[in-house]
Amino acid sequence: QKEVEQNSGPLSVPEGAIASLNCTYSDRGSQSFFWYRQYSGKSPELIMFIYSNGDKEDGRFTAQLNKASQYVSLLIRDSQPSDSATYLCAVKRGYQKVTFGTGTKLQVIP
Amino acid sequence: DAGVTQSPTHLIKTRGQQVTLRCSPISGHKSVSWYQQVLGQGPQFIFQYYEKEERGRGNFPDRFSARQFPNYSSELNVNALLLGDSALYLCASSFSGGQGYEQYFGPGTRLTVT
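Residue numbers (our numbering), protein chains in the order written: chain G, 29 to 138; chain S, 766 to 879.
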């Protein structure tokens, strides 16, 4: 079982729709959860982080965390073509390393 | 404020050579981590340094080494390069290495080994 699992996609959504990206993790002790956006050929850019169960909203982005189900998701409202990228889920436990998933490729169709 | 900086941007080396990559963290950040990312994969953890001490090491051979300097900048060294070392090498900084502190990535160094 992979430590952090994501569907590789591509996930295709029409412009203006809600994109839903999902991630599961295996370490129940994970405490910090991050979503990074990575454009082709570029480095990852932090877009959301969440530490407590529930929802966290920032602009068009909402991160959702359910520790009991070991599940974290990212919702992107009013998706734009500029949101087309690979989205990386990452988890961390205490002072231990950050572990990344392989990423989900999102395509927003104009 | 300046973000994480890395140098060089691109590098081409031949098998067996050695390479040194450099990273300067965001001002005030004391922790630096190094990652290797190959095409189609997420970043793989190589090292974490906090306050100039190694705090974690990933599953990489001893050919990989790193250090952190008093100004919190860091170097990653790779000896006896193999073709498989070709990748994007990412440096990330955070205020602390612990819980509750998010990491920010630099632009990366693209290493090609021929």
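Calculated from the structure, these hints are not laboratory results. Heads up, the beta-carbon is just placed ideally off N, CA and C, and yes, glycines get one too. Fair warning: there could be bad hints in the mix.
[Claimed, not checked] Which stretches of chain G does chain S cover? Using the computed rule of at least three CB atoms under 8 Å from a CB of chain S, they are:
#1 102-113
#2 125-135
[Unchecked claim] In silico EDC-like pairs for lysine to aspartate or glutamate, Cα to Cα no more than 20 Å straight-line:
#3 Lys-95(G) with Glu-867(S)
#4 Lys-84(G) with Glu-867(S)
#5 Lys-70(G) with Glu-867(S)
The hints, checked one at a time:
1. 102-113: violated (count 0)
2. 125-135: Holds: 7 residues of the stretch 125-135 of chain G have a Cβ under 8 Å from chain S.
3. Lys-95(G) with Glu-867(S): It holds: about 19 Å lies between the C-alpha atoms, which stays within 20 Å.
4. Lys-84(G) with Glu-867(S): With a Cα-Cα distance of about 15 Å, the restraint between Lys-84(G) and Glu-867(S) holds, given a limit of 20 Å.
5. Lys-70(G) with Glu-867(S): holds, 19 Å
Hint violations for this structure: number 1 only, all remaining hints satisfied.
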